[in-house]
Each structure stands twice: as structure tokens, then as C-alpha cells.
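Chemist: Chain by chain, the residues run as shown.
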Amino acid sequence: MFKILKKSLQTGLVTIDYPRRSPAVSERFRGAPRIDFARWGDARGAAERCPTGAIAIEDGEGVRRVKLDYGLCIFCSQCAEDEPGGAVRITQEFELAARHREALVTTAEYTLEADGTHRELRSVSEGAGEETALGEEMRRRIHGMLGRSLAIRQVDAGSCNGCEVEIGALNNPVYDVERLGIQFVASPRHADMLLVTGPVTRNMELALRKAYAAAPEPKVVVAVGACGISGGIFGRNYATAGAVSDVLPVDVFIPGCPPRPLALLQGILLAVGRMEEKCRAR
Amino acid sequence: MRPGARRRFDEMRSGAADLFPRWREEHGLEIYVDVPAAEAAGLARRLVEEGCRVAAAFAEDRTEAQGCFPRYYVFEHAEDSRYLLLRAPVAPEEPAFASLAAGIPAVNWAEREIQDWFGLVAEGHPNPRRVALHDNWPDVNPLRKNFPIETVLPPFEGERHIYRPTLGEGVLQIPVGPIHAGIIEPGHFNFSVAGEPILYLQLRMFYVHKGIEKRFEQLPARHGVYLAESISGDSSVSHGAAFCQAIEAAAGIDIPERARGMRTILLELERIYNHAADIGAIANDVGFVVANAHGSRLREAILALNEELTGSRLSRGMICPGGVRWDWGREQEVRIEEVLARWEPDFSSLMEMIESSDSTRDRLERTGTLTRKQARDLGVCGVAGRASGIDCDVRRDHPYAAYGGVEFRVPVYEEGDVLRRVQVRVEEVRQSIGIVRSVAGALERGPYRAPLPPLPPDRCALGAVEGWRGEILHWIRTGADGRLERCKIKDPSLNNWPALVEAVQGNIIADFPVINKSFNLSYSGTDR
Ligand code: SF4
Numbered sequence: 001m002f003k004i005l006k007k008s009l010q011t012g013l014v015t016i017d018y019p020r021r022s023p024a025v026s027e028r029f030r031g032a033p034r035i036d037f038a039r040w041g042d043a044r045g046a047a048e049r050c051p052t053g054a055i056a057i058e059d060g061e062g063v064r065r066v067k068l069d070y071g072l073c074i075f076c077s078q079c080a081e082d083e084p085g086g087a088v089r090i091t092q093e094f095e096l097a098a099r100h101r102e103a104l105v106t107t108a109e110y111t112l113e114a115d116g117t118h119r120e121l122r123s124v125s126e127g128a129g130e131e132t133a134l135g136e137e138m139r140r141r142i143h144g145m146l147g148r149s150l151a152i153r154q155v156d157a158g159s160c161n162g163c164e165v166e167i168g169a170l171n172n173p174v175y176d177v178e179r180l181g182i183q184f185v186a187s188p189r190h191a192d193m194l195l196v197t198g199p200v201t202r203n204m205e206l207a208l209r210k211a212y213a214a215a216p217e218p219k220v221v222v223a224v225g226a227c228g229i230s231g232g233i234f235g236r237n238y239a240t241a242g243a244v245s246d247v248l249p250v251d252v253f254i255p256g257c258p259p260r261p262l263a264l265l266q267g268i269l270l271a272v273g274r275m276e277e278k279c280r281a282r
Numbered sequence: 283m284r285p286g287a288r289r290r291f292d293e294m295r296s297g298a299a300d301l302f303p304r305w306r307e308e309h310g311l312e313i314y315v316d317v318p319a320a321e322a323a324g325l326a327r328r329l330v331e332e333g334c335r336v337a338a339a340f341a342e343d344r345t346e347a348q349g350c351f352p353r354y355y356v357f358e359h360a361e362d363s364r365y366l367l368l369r370a371p372v373a374p375e376e377p378a379f380a381s382l383a384a385g386i387p388a389v390n391w392a393e394r395e396i397q398d399w400f401g402l403v404a405e406g407h408p409n410p411r412r413v414a415l416h417d418n419w420p421d422v423n424p425l426r427k428n429f430p431i432e433t434v435l436p437p438f439e440g441e442r443h444i445y446r447p448t449l450g451e452g453v454l455q456i457p458v459g460p461i462h463a464g465i466i467e468p469g470h471f472n473f474s475v476a477g478e479p480i481l482y483l484q485l486r487m488f489y490v491h492k493g494i495e496k497r498f499e500q501l502p503a504r505h506g507v508y509l510a511e512s513i514s515g516d517s518s519v520s521h522g523a524a525f526c527q528a529i530e531a532a533a534g535i536d537i538p539e540r541a542r543g544m545r546t547i548l549l550e551l552e553r554i555y556n557h558a559a560d561i562g563a564i565a566n567d568v569g570f571v572v573a574n575a576h577g578s579r580l581r582e583a584i585l586a587l588n589e590e591l592t593g594s595r596l597s598r599g600m601i602c603p604g605g606v607r608w609d610w611g612r613e614q615e616v617r618i619e620e621v622l623a624r625w626e627p628d629f630s631s632l633m634e635m636i637e638s639s640d641s642t643r644d645r646l647e648r649t650g651t652l653t654r655k656q657a658r659d660l661g662v663c664g665v666a667g668r669a670s671g672i673d674c675d676v677r678r679d680h681p682y683a684a685y686g687g688v689e690f691r692v693p694v695y696e697e698g699d700v701l702r703r704v705q706v707r708v709e710e711v712r713q714s715i716g717i718v719r720s721v722a723g724a725l726e727r728g729p730y731r732a733p734l735p736p737l738p739p740d741r742c743a744l745g746a747v748e749g750w751r752g753e754i755l756h757w758i759r760t761g762a763d764g765r766l767e768r769c770k771i772k773d774p775s776l777n778n779w780p781a782l783v784e785a786v787q788g789n790i791i792a793d794f795p796v797i798n799k800s801f802n803l804s805y806s807g808t809d810r
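Sequences listed follow chains U and F, in order.
Under our numbering, the first residue of the first sequence carries the number 1, and numbering increases by one thereafter.
Under our numbering, the first residue of the second sequence carries the number 283, and numbering increases by one thereafter.
Treat the hints loosely; a few may be bogus.
[Said to hold, decoys possible] Derived CB-CB ranges, DEER-like:
no., chain 1, residue 1, chain 2, residue 2, range
1, U, Pro23, F, Arg442, 43 to 49 angstroms
2, U, Gly53, F, Arg442, 31 to 37 angstroms
3, U, Glu27, F, His443, 46 to 52 angstroms
4, F, Ala724, U, Asp82, 27 to 33 angstroms
In short, the hints are calculated from the structure, not lab data.
Since we're looking at a predicted model, the values are computed, not measured.
Don't be surprised by glycine CBs; every beta carbon is placed ideally from N, CA and C.
Please model the complete structure; the sequences and the hints are all you need to start from.
Modeler: Rendered as C-alpha cells:
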């Protein structure tokens with residue numbers, strides 16, 4: 001007993017204050033790639049280096065459409081590596097959760113040249129930015145709302161367990177989400193939220209549907225990680241049913257591979273806002 | 283302790299050259315022994331009698347190129363630094379082979395996997411039921427070359443798995459899963475209990491099978507490392523390294539000294555964070571909640587260090603074929619020592635706290651015992667193996683990265699209970715800290731990444747790594763245009779799941795969580 005007490009005292013307070021304050025990320029952290037579309041002369045290199053198709057090209061009659069999809073991105077930074085001109089840059093942004101799948105996709109349209117390069121940016125439709133950042137107001141509202149508690153049932157519907165490492169970390173003394181009233185529960189019957197990782201395998205599809213059916217209304221579903229959002233590097237194949245949204249209606253998408261604990265927390269808080277709406281609608 | 287001269291396979295051969303008709307050594311790590319189909323069983327049995335452990339068994343589809351399905355049994359011996367791959371063909375006209383599982387239980391699951399994935403019948407298998415494909419799947423053989431990966435199978439309507447009945451007065455079956463309580467991976471456990479004691483456990487895995495081995499054949503090999511890092515997230519570095527080692531061997535390149543050192547440090551940090559978390563979680567499962575809080579905090583400290591060193595908390599995207607992608611400056615190197623200097627006493631005092639709790643020890647000792655014989659028969663490796671007297675560790679026995687040049691001790695216990703699986707981890711954490719320090723201290727400036735030439739086609743190569751759970755193997759055959767023909771992945775979990783079945787028998791069901799945690803196997807690594 002004495003040893004336990006001594007150890008606790010020696011350890012002191014380690015818990016962070018998120019979402020009130022966000023701790024600094026380490027210098028080398030690799031967050032979202034950002035592209036300066038106007039300065040970009042050729043998308044082919046980055047698209048070829050990208051292992052998941054998060055950067056993808058579609059060439060048509062004199063037109064090139066380039067898509068950057070944070071829902072597929074595994075944040076490997078291959079796209080920025082050796083990119084001439086530096087139009088692709090790796091930032092430290094990681095709070096990328098969004099309520100709509102399309103919000104994670106940016107599309108740019110160029111005039112396609114005969115030699116395969118492109119010029120003249122015709123248009124960019126920025127999916128991101130709309131609601132990815134947790135505004136100050138949002139933070140406060142959510143924080144107030146969390147006066148009550150949120151029960152989460154985590155469902156691994158096929159992940160590599162990388163997301164589980166980070167979701168598990170939310171319970172450690174540094175993030176300690178219980179301080180926000182967030183609790184991981186054993187039964188979907190006690191859950192307000194399903195926090196689902198993927199890709200959804202064919203063998204987990206039924207169990208996932210059953211877990212969803214068992215959770216009482218109102219409920220929210222959060223798709224976690226590149227694989228949960230899009231199937232990620234595994235894609236859709238004979239053994240996978242693809243993204244969580246191919247199986248269930250999804251309220252919030254949290255990019256990452258895996259998302260850092262604070263990225264998860266930002267997404268969960270965003271989903272709380274959605275939950276609040278659903279409650280009000282009843 | 284493994285003795286100096288490490289050429290035991292040569293001795294076996296010199297005594298019986300006719301048994302090894304075709305023998306080819308590659309990369310200093312593999313010996314390929316080709317035998318006619320009819321002779322495989324005899325030679326395999328003999329190798330096991332000589333004290334070899336079967337590390338893996340698998341097949342590949344070479345019907346186009348060679349007109350057959352070669353199947354492989356991978357052997358390892360305490361006194362040899364190489365792996366012996368016994369290879370025998372299976373003819374497509376007669377898609378069957380003589381199963382070895384009755385005499386060598388270690389290949390039980392692996393042979394059924396071959397059966398499921400390639401449609402090659404393991405004749406005489408003691409339990410030929412499906413393992414890798416669930417019973418409700420249609421008859422498909424996904425790893426055959428003529429099966430397109432994007433095939434969309436119709437909704438499953440076949441019979442679901444029927445568990446063996448257990449009979450007797452008061453005996454009942456408790457189904458658990460696939461979704462478990464807590465943040466854990468899915469799988470199904472069917473317990474037969476009589477009151478408290480567990481009589482029998484039936485496992486159903488492969489719930490998270492996601493076609494990884496097939497997917498490797500589709501991706502350009504240079505992207506393969508990202509897939510490898512996603513085989514089992516908590517072993518991202520280990521699987522990534524094993525894959526890169528196989529690619530580097532196939533390409534015929536050596537990686538720079540500095541990269542070897544950096545990889546070693548990252549591999550050991552992965553071991554440290556997982557072991558520390560497991561120790562806390564095991565204590566938690568017998569009611570010592572505070573220990574878990576400290577264990578998870580200690581894990582967090584290493585994950586944060588990983589991010590400082592590699593840009594990713596799981597150190598993803600750092601290791602690449604040829605070395606590592608970014609160098610470390612003085613700043614990063616200093617951080618390693620700074621973090622460890624605080625971490626080590628923190629860990630020690632946590633251990634003091636746990637070790638001073640008699641009730642914890644009482645719950646862990648003689649709980650979930652796996653005997654040495656069971657472990658040997660099942661080919662158990664890694665932490666679980668070492669706790670049951672199986673003295674193997676890839677780092678020492680088949681050195682890679684910088685392990686050939688560092689001294690460390692491999693802890694081995696005989697008792698095979700939960701307590702010893704904890705003690706193996708504790709000792710390994712201490713050894714790992716020593717390894718990190720000595721390698722970091724000896725890191726010299728220099729190149730950290732060797733250029734990777736185009737991959738030559740049709741090369742076979744093996745990558746072997748001692749992940750924190752145990753021996754990880756990646757075996758590849760290169761194909762045309764920088765792609766892979768085949769990538770076989772063996773996570774130690776595949777060897778060790780059947781051991782859990784043995785270890786829980788006779789224990790009370792309330793102890794199942796702690797026994798399971800003491801193995802802490804990867805579902806994703808198993809199911810792939
Ligand atoms: S960082 Fe994302 S977009 Fe860039 S190459 Fe990697 S997966 Fe593709």
C-alpha cells in the first residue's frame with residue numbers, strides 16, 4: 001500500500017488539458033499533406049508514390065482531375081518526398097475529423113498537356129476546412145454538453161490493431177478521457193456511440209450490424225482511420241466489405257493511420273455535437 | 283545459450299546426403315531443400331526428431347511457371363543460424379498432399395490454411411476442418427493465381443461453424459465473441475466448463491482476415507512496406523523490418539551500419555512499449571488497477587518518443603527497403619537517452635510495486651501453465667515459448683540489423699505459467715534498454731539509406747525478426763515489374779494460439795482473461 005501511494009506521489013499529475021489547451025506536437029510529426037495546387041506542375045510523381053491512391057489522377061480530353069483524399073491517406077509523406085518544386089508539403093495538422101465523407105476530399109482540375117504535365121489550374125474544390133477544425137465556440141459547447149457522460153462501444157471490424165493501440169491510449173493517465181465523461185463500455189446496449197475501425201471484413205460484417213442494431217437510439221457511428229473511412233491500404237477485396245460507411249450510416253470520419261489520441265478525441269467531440277442534434281430532434 | 287558453431291544442418295546432411303538431394307543456400311539465411319512429394323513427410327519427421335522446430339508451413343501457386351504448387355515447411359534448429367526450407371511439389375491434377383499434422387502438431391493450422399487458400403487437400407489431417415476461411419464461405423481458393431482479388435463473394439449463407447459438443451452432467455458451453463468486452467480485436471472463444479474449471483476451449487479466428495497475402499501480390503513491392511506495417515499495428519516496426527529484410531536480400535543489397543543501428547533501436551522501443559503495457563494489463567486482470575495506469579503511462583512515454591524519432595507514434599513510415607527514410611541528428615539521439623533515463627527507474631519502481639504484492643503473485647503463479655513438451659510440440663515461439671523452456675530468439679540465433687554486435691541475455695523459464703510470461707517480459711524490457719543504450723552509444727554518422735536497385739524477378743528471400751511477441755517471418759518471391767509473386771507472412775500468434783487452448787485447460791474461467799493477456803496474441807497478425 002505504501003509503495004502504491006509513493007509511486008502515485010512520485011508520478012504526480014500527468015494528465016493534459018485537451019480540448020481546452022492542445023499540447024504541442026513533436027517537430028517531426030507527419031500530419032496532413034497539403035498541396036499548393038496553383039504551383040503544381042505535374043501530379044504524376046506524387047500519385048505514383050502514394051501507396052493508397054489518396055492522391056489519384058483522372059485524365060480526360062485535355063483535362064486532368066487530381067484528387068487528394070484524407071480518408072485514404074496513411075500519412076506516409078511519400079507524396080512530398082522528392083517532389084520537385086515543393087508544391088506538396090507535409091504539415092503538422094492532425095485534427096482532421098469531418099462529418100461528411102466529401103469534406104475529406106479535395107479535387108483540382110487542370111488543363112492537360114500533351115507531354116503529361118499540366119498547367120493552368122481551372123478549379124479547386126476544397127472539401128476540407130468546412131468543419132474539420134474544432135472552433136473555440138464548438139469546444140466550449142461540447143465541453144458544456146459533456147457535463148453528462150458519453151458511452152462508447154468500440155468495435156474492431158477488421159483493423160490491424162494500430163487504431164486500437166491509440167484508442168486504448170485514450171484511457172491512459174495522460175489523456176484520461178473519463179475526465180470528460182467519456183467511458184468505454186462492454187455492451188453496445190449501453191452505448192451512445194460506436195467507434196468503429198476497419199476495413200470491415202466479410203467475417204465481421206454481421207457482428208458489426210448486430211452491434212449497431214443493439215445500440216439504443218439516438219446513436220452515432222464514428223469511422224476511425226484510413227481503413228475505417230475507405231478500406232485504406234487493404235481496399236475492397238474478396239475478404240473485405242470496404243469502408244464502415246458501406247455497412248452502416250456514419251456520422252463522423254476520423255482520418256489517420258492510426259489517428260493520434262488527440263485526433264480521435266477531436267473526432268469524438270465532433271460526434272458529440274452530432275449526438276446533441278439527434279437528441280434535440282427527438 | 284546457443285553454442286558457437288552454427289552449422290548443424292550441414293552435419294545432418296553429411297550423415298545422410300541422399301536424404302537431401304537438392305540443397306541450395308541463399309543469403310546466408312536460408313537453405314532450400316527440394317524433395318519429391320513422396321519424400322517430404324519422411325524428411326520432415328526426421329528433422330523434427332533431430333530437434334528442429336517447425337517455424338511455418340505454406341504454399342504458393344506456380345502452376346503457370348512450374349506446373350505445380352510448391353509447399354514449404356520451414357525448420358529452425360538451436361544450433362544453426364539458418365532456416366531450412368523443405369520444398370515439395372503438389373501436382374495440380376492431383377491437388378493433395380500427405381498431411382504431417384498428426385505427427386507434427388505444429389503444422390496443424392498451417393496445413394489447413396494451405397487447404398483453404400489453395401484448395402490442396404491435406405490428406406490424413408487429424409482435424410481437416412476449415413480454419414482460414416469460415417465455414418459459411420463458398421468453396422473458393424483465394425491464393426490461387428486464377429482467383430482475382432477483387433472477387434465479390436455473394437452473401438454468406440452456408441452453415442456457420444459447428445462447435446464440437448461437450449457432454450457430461452453439468453457441462454455447459456459458453457460462447458464469447460467475436461466482439462469482446464473492451465478495446466480488443468475480435469475472435470470467437472467457445473468454452474466448455476463444468477462449474478468453474480475450463481474443460482475445453484475451441485477457438486475460431488480469422489474474423490479479421492483481410493486478404494493481406496493476396497494484396498501483397500497486387501501492390502508494387504516498394505509500397506509493400508506500408509502493407510507490412512499494417513499486418514499487426516502493435517508490431518508495425520517488426521513486420522516492416524522483416525519485409526524490408528526480405529526485399530533487401532532479394533535485391534542483393536546490404537544496408538548501411540547506421541540504418542542497422544537505428545532499426546535496432548526502433549525495434550527495441552516497440553518491444554519496450556508493448557511489454558510495459560502488457561505487464562500493467564496482466565496485473566490489472568487480477569485486480570491491480572493502479573499498476574495498469576502506470577503501465578499504460580509508460581507505454582505512452584515511448585509512443586511519444588517514437589513520434590519524436592520517426593514522426594509516427596507507431597514508428598510507421600520510417601523503415602524502408604534500403605535502410606531508414608530519415609536520419610537522426612544529435613537532438614534525437616539525446617532524446618533517446620533522456621527519455622530512457624527517466625523511464626527506467628519509473629519502470630523499476632512499478633515492478634517493485636507489483637512484485638511486493640503477494641496476492642498478485644499468488645494469482646499469476648501456476649496459472650495458465652503451458653508445459654515445455656506442449657510448447658515444443660506446438661512449435662510455440664517468442665515470449666510464451668521462453669516462459670515454457672523453449673530457448674529461441676531470432677535476434678540471437680539469426681542476427682539481423684545490429685543484433686550481431688550487441689550482448690544481451692535471453693531469459694528462459696521452465697514453469698510456463700502466467701508469472702513466467704510476465705517475468706520474461708520484465709527481463710526483456712531491461713535487456714532492451716541495455717540494447718538501445720549500447721547501440722545508440724555506438725551509432726556513427728554516415729549513410730542511412732542504400733539505393734534499392736530494381737528488384738530482379740523470380741528471387742526467393744526470407745526476412746526474420748524477433749517481434750515483441752516472437753518470431754516473425756516474411757518470405758517473398760519476386761515477380762516481374764517490381765511486383766511480388768508471393769508474400770508469406772508468419773506472425774508468432776499463428777504458432778501460439780493453439781497453445782492458449784492447452785494453457786487454459788483446468789483453470790477457472792475467471793482466470794481466462796489474465797491467461798489470455800499473458801499471451802497477448804495478435805488477431806490481425808494471425809488472420810491477415
Ligand atoms: S501522405 Fe497520404 S497522400 Fe501522401 S503519399 Fe502518403 S498516403 Fe498518399
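Chemist: Indicate, hint by hint, whether the structure satisfies it.
Modeler: Evaluated hints:
1. At roughly 47 angstroms, the beta-carbon separation of Pro23 (chain U) and Arg442 (chain F) lies within the given 43 to 49 angstroms, and the hint holds.
2. Take Gly53 (chain U) and Arg442 (chain F): their Cβ atoms lie about 34 angstroms apart, and the range 31 to 37 angstroms holds.
3. At roughly 50 angstroms, the beta carbons of Glu27 (chain U) and His443 (chain F) sit within the given window of 46 to 52 angstroms.
4. With their beta carbons about 31 angstroms apart, Ala724 (chain F) and Asp82 (chain U) fall inside the hinted range of 27 to 33 angstroms.
Checked against the numbered hints given earlier, the structure satisfies every one of them.
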